[in-house]
Amino acid sequence: MLEVSGLRKVYKSGRRSVEALRDLTFSVERGELVCLVGPSGCGKTTLLRCIAGLLEPSGGTIRLDGNPVSGPPPGLAMVFQEYGRSLFPWMSVRDNVELPLKQKKLPRTRRSVLVSEALDAVGLAGTESAFPWQLSGGMQQRVAIARAVAYEPSTLLMDEPFAAVDAQTRADLEDLVRALWQRLGVTVLFITHDIDEAVYLGQRVVMLSSSPTVVQDAITVDLPADRDQLHTRADARFTELRTHVYEQIQKAKRGDPTPA
Amino acid sequence: MLEVSGLRKVYKSGRRSVEALRDLTFSVERGELVCLVGPSGCGKTTLLRCIAGLLEPSGGTIRLDGNPVSGPPPGLAMVFQEYGRSLFPWMSVRDNVELPLKQKKLPRTRRSVLVSEALDAVGLAGTESAFPWQLSGGMQQRVAIARAVAYEPSTLLMDEPFAAVDAQTRADLEDLVRALWQRLGVTVLFITHDIDEAVYLGQRVVMLSSSPTVVQDAITVDLPADRDQLHTRADARFTELRTHVYEQIQKAKRGDPTPA
Amino acid sequence: MKRVAYVLGLPVVLFAAWYVFSAGSENFYAPPLRDILRAFARTWTLDRLEADVLPSLLRLAAGYTLAAVIGVALGLAIGLSPGLRATAEPVLEFFRAVPPPVLVPVIMLFAGIGDGMKIIVIVSGCVWPVLLNTVEGVRAVDSVQLDTARAYGVTGVSRIRQVILPSASPQIAAGLRQALSLAIILMVISEMFAAGNGLGFTIVQFQRGFAIPEMWSGIILLGLLGFGLSLLFRLAETRALRWYHGLRAAARGR
Amino acid sequence: MKGLAGLAGLLLLVEALPRLGLVDDAYLPPTSRIAAALGDEVVTAEFWRAVGDTLTGWAIGLTLAVVAGVVAGVVIGAVPALRAATASTIEFLRPIPSVALIPLAVLLYGTELGSTLLLVVYAAFWQVLVQVLYGVADVDPIAEETARSFRFGAWARVRHVLWPTALPYVFTGVRLAASVALVLAVTAELVIGAPGLGKMIAVAQTSGAVPDMYALIAVTGLIGVAINLAARTFERRSLAWHQSVRREVPA
Amino acid sequence: GSSGESSGGTESGADQVKVGVIPILDVAPIYLGKEKGFFTSRNIELTMEAGQGGAAIVPGVVSGQFQFGFSNMTSLLIAQTKNVPIKTVAAGVASTGEQGKDFGAVMVKADSPIKTAADLAGKKISVNTLKNIGDTTVRESVRKAGGDPKSVAFVEMPFPNMPAALQDGQVDASWVVEPQLSQVKAAGGRLVASNFVDAAPGLTVAAYFTSAKLAGEDADLVKRFTEAINESLTYAGSHPDEVRAVLGSYTKIDEKTRGELILPKWPTEINQASVETLAKLGEQDGIFDGATPDVSKILP
Ligand SMILES: Nc1ncnc2c1ncn2[C@@H]1O[C@H](COP(=O)(O)OP(=O)(O)OP(=O)(O)O)[C@@H](O)[C@H]1O
Ligand SMILES: Nc1ncnc2c1ncn2[C@@H]1O[C@H](COP(=O)(O)OP(=O)(O)OP(=O)(O)O)[C@@H](O)[C@H]1O
Ligand SMILES: [Mg+2]
Ligand SMILES: [Mg+2]
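Residue numbers (the numbering used here), protein chains in the order written: chain E, 1 to 260; chain G, 1 to 260; chain C, 1 to 254; chain D, 1 to 251; chain V, 1 to 300.
Mixed in with the good hints there might be a few duds.
[What the hints assert, rightly or not] Derived DMTMM-like pairs (lysine to aspartate or glutamate); straight-line CA-CA distance at most 20 angstroms: (1) V/Lys-185 to D/Asp-24; (2) G/Lys-12 to E/Glu-128; (3) G/Lys-102 to D/Glu-144.
These are calculated hints, taken from the structure and not from any lab test.
Only chain E is shown next, with the shape it has when bound in the complex:
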């Protein structure tokens, strides 16, 4: 279980000081899939970095399964918003996906199975030997996703992972994430700007306010666990939920303080 309480982060550099997160408290059950939405610049990436142990919070605590997070916890995979920069340009696509698996000390055969399965799942079979910079933006992003998927993590943090892919691929990837989540029981924290996506994917949707950032609202998505692109999105409850989230975000952008 992931518990964030009273999280605060202030960036200081020279004269400039930005309070990215003011006071965040929420928790994610083990094996839960939570989507996080919020206006651009509200601190979602900052939050994810803190949870991953990559950034030192200025205040508050983060606990994963009861232990305070001080560095990246084992079994964590992360898809960075800056997908392009998070791929190593000196490695082929295959090596990029395989490297974390090597760190996990998986045997070679298992690695190669995982790598090709993951690349297949994101629709990149055949590009194994290309370098990341020979791929289109969307393809690069999918390599980053494949890397996380192949890792078979126990906690998966994704920062706008589908921003650069087309609608159809996006739908496929959404289903991929849900399938992975159901198969492995991963805890997933998923940042997106696409409200439909948040509602379609998540068990819960947490909405952040704009800066100074607090939790604006959080809803439980009471849609059936078996979802599919056609029927779920056509569901009346789906529309209700998405409208609710949309309104909250609009409020957040206007700066209405309606903390949950």
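Please build the complex by placing chains G, C, D and V with the ligands on the supplied structure of chain E, with the hints as guidance.
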């Protein structure tokens, strides 16, 4: 007027050779706003780079107002898909936006008006003195947009320019682009993965097939010129059009050859 | 064809100019190129190459390799640890500013007068560009790449081998390139002390023996040596940094 | 602060080595004796004149080398054809040791400043040039394309894109060149006998005045440390935006 | 004074003269002479340029940067075989001619098995410059003592490094000159040969020289310089205490050593016979690359 005819681009590097564009022919009238959609990796960025004169096509011709494009034409502004890397990390946000204006030799006062207007329009007032790497992903993308907007171009090429911003901001920016286009009579070529966005924004939507890439289809968006987020998107014709585009893209992804 | 023209074009022009302008030179220390070339053919016979150039090259290879290894290893350590950098930098800067000719006697105190001393002299001079560039290259590794490695538990040796070194490699290459020609220079300097053979020794002997055309021919040989080694270096670099050059060339549409 | 600890360690080591009999103190005297010799030196006007002479040669030579290296590097680096045409010549000239040019320098300038400058500039120039060439090649292609798409002129591309990218490389180049220039300035004085610290070292050496010699060597080393300190301070200011510097600001 | 272009007259009319010297014991007379005014009285304003050796001094003289230079005889002979346009103008320094009491000698460590010059055969000896006056004269010592001169292995290192190298056993013997000679003696070193003495009686070790151009164009200046040098040499020869004192002005030799070191002889005449012997020895050892130096061409 922009005319692309028989455009072909093959990337060769070592043993690998990728035919990114096979045979593209279409044209954009002067002052037209055309949206371009297509599966991830189909060559949209490649096409935009060729049009901007940044990349040498392997075959075919591109003409702008009758002149073959050999380098970036004057009055062109481009928002790159890799927005993060297209901002200069050694300059403040203000300087990043202002630099192209200096190149245009605009007087100082005019520059400062344009810069603050543009930053205001994308919702970044107050970050002028920050460095790009101190901003969130969405904010960086908006700086890149502000740079293009402040430039008051006669041709505007945008490569998934709203991929990293939240829904509300996205809507605002869409309206900003339409307003700019109407005010200045800019020729706009707009790449997006959001089908609704393509239909909402464009006078026409050009759909590309998946690799080997040709023009799969092109539709004229016969919605009224005065559009707004609430009513236009609720229009029945809007839904029809977006369904059409969606189907075409699905076809393209499956690889059905239905060239226009 | 075009590449050959590029490689040879300017040198040919320069040598031709030298040839023409020096043709009537009366100056004892700046003899006509004609004489120098004649001396070259006369001096650098196979025997001479084996007796003097080969030992030099061996020392050069040993010194350069050692400097590369030390420079990269130390540079990694210093680049990764700001604390170590703060502690070690002044001491290193201190030694960096001491001229090799005055350092040699001190080195001789500890290393004797054999090849070991000469190799140490080469190392002591050409380790710096490698070291400095490695330090800067390591410091400049992209933060997102570092975060990615951390998040996926890529730590320790594999972090260094798979992430930090490749990322810093373009700058390390710059250092190695610098060090290569410095190594040749230091080879010459080291052979000015307690040497009995070697290219540098021979050139110094020519200089002292007033064999000026021979001396210039030796300098030309040094240049050729540098040129040859840099070709090898470029070959190695092109292979090792294929991703880097590819990345830059690809986006430039060439 | 930590840097002082490092230097103190070195001083201790040099004090200990001869005291423990690991080296003969006739050839490597302990720190205290060197310090005493240094104390005797620093009160003489001759010493300060020598330091002044050395630093003059160093500063002028370094300035010339850096300016020439940067200009040549940017021009050559920015024009691929020029780069291809000059590469072989550069590789040919670079490994020619400055010391081999001593007769030429004396021929042209005697023991005047010119001799020292010739050697200093020749040696330091290449260091800067090579660094700049690599730095210019490091430009992010997207940044370059951005500049091209906005039709930046040649100067603007150099000024706003090439230069900032190359700057970290240039800094390394200047730091390398600064010490090479110092080394060559001292060496030139040492061998040619142009006035300066190097000449004093030579005199101390031939006279068997070992502590004096080490004291003078230490002075060159300390000058090097001071130069680096200045370079680092300057770097922190002008590279505040760069990965390497921004990460070190505590968050 | 008929000051030529090359010597650059000043407003006061005195000739500006630069002399390239190595700042060692050998050139004490010129420093002393300058102090005593032997040069100013001949309308010469003297500056000493201290180079580390021939590499810096000879080109300086040839190019006219210096008017005069100081060099050992063997180097001058080598220069002659290569037709370097230079000519000697005055004697520089000469051996004392006394076995065991010369200003240069071959030294070994106290406990060295080497007892005589003959034992040097097959050993490693350091000299400051290979193929020069050091190794030819040391070979002559070995030869005269009945050893095989060919089997001696010479290594090159600067004089100041030799005491340490000898002490450490990096070399078996060192040819050193003052002040290193005193230093080695103080460290317990033992003398095995006085090579200059063995080479030739009254050996002229070094001389002052000028460029052929200056010798031809400004004979007057050369003449005045020679006179001044000769006066200096004579004065130095008869005032050893002042020599020891003047050393303190241009070297850093400490006072105690200055008092102890063996002074060379400073005759005003170049000993032509000894030079010819040097030339013969050099030829024998192959340091002229097969050429034969023409002694008469370099002597004044
Ligand atoms: N390195 C930094 N230095 C200073 N300020 C920073 C830094 N990184 C982020 N910030 C600031 O912190 C705030 C939150 O940034 P963050 O990247 O977390 O936003 P975000 O919610 O991920 O936005 P987006 O949706 O646009 O990616 C922003 O105002 C940003 O300017
Ligand atoms: N530098 C390159 N070298 C080799 N192949 C490349 C290079 N750049 C792009 N490609 C290939 O060209 C094809 C088209 O790439 P492009 O970036 O134009 O796609 P895109 O339509 O913009 O995709 P996305 O929507 O994912 O950004 C891809 O298959 C890609 O692998
Ligand atoms: Mg973000
Ligand atoms: Mg693209």
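Status of each hint after checking the structure:
{"no.": "1", "hint": "V/Lys-185 to D/Asp-24", "verdict": "holds, 16 angstroms"}
{"no.": "2", "hint": "G/Lys-12 to E/Glu-128", "verdict": "holds, 16 angstroms"}
{"no.": "3", "hint": "G/Lys-102 to D/Glu-144", "verdict": "holds, 17 angstroms"}
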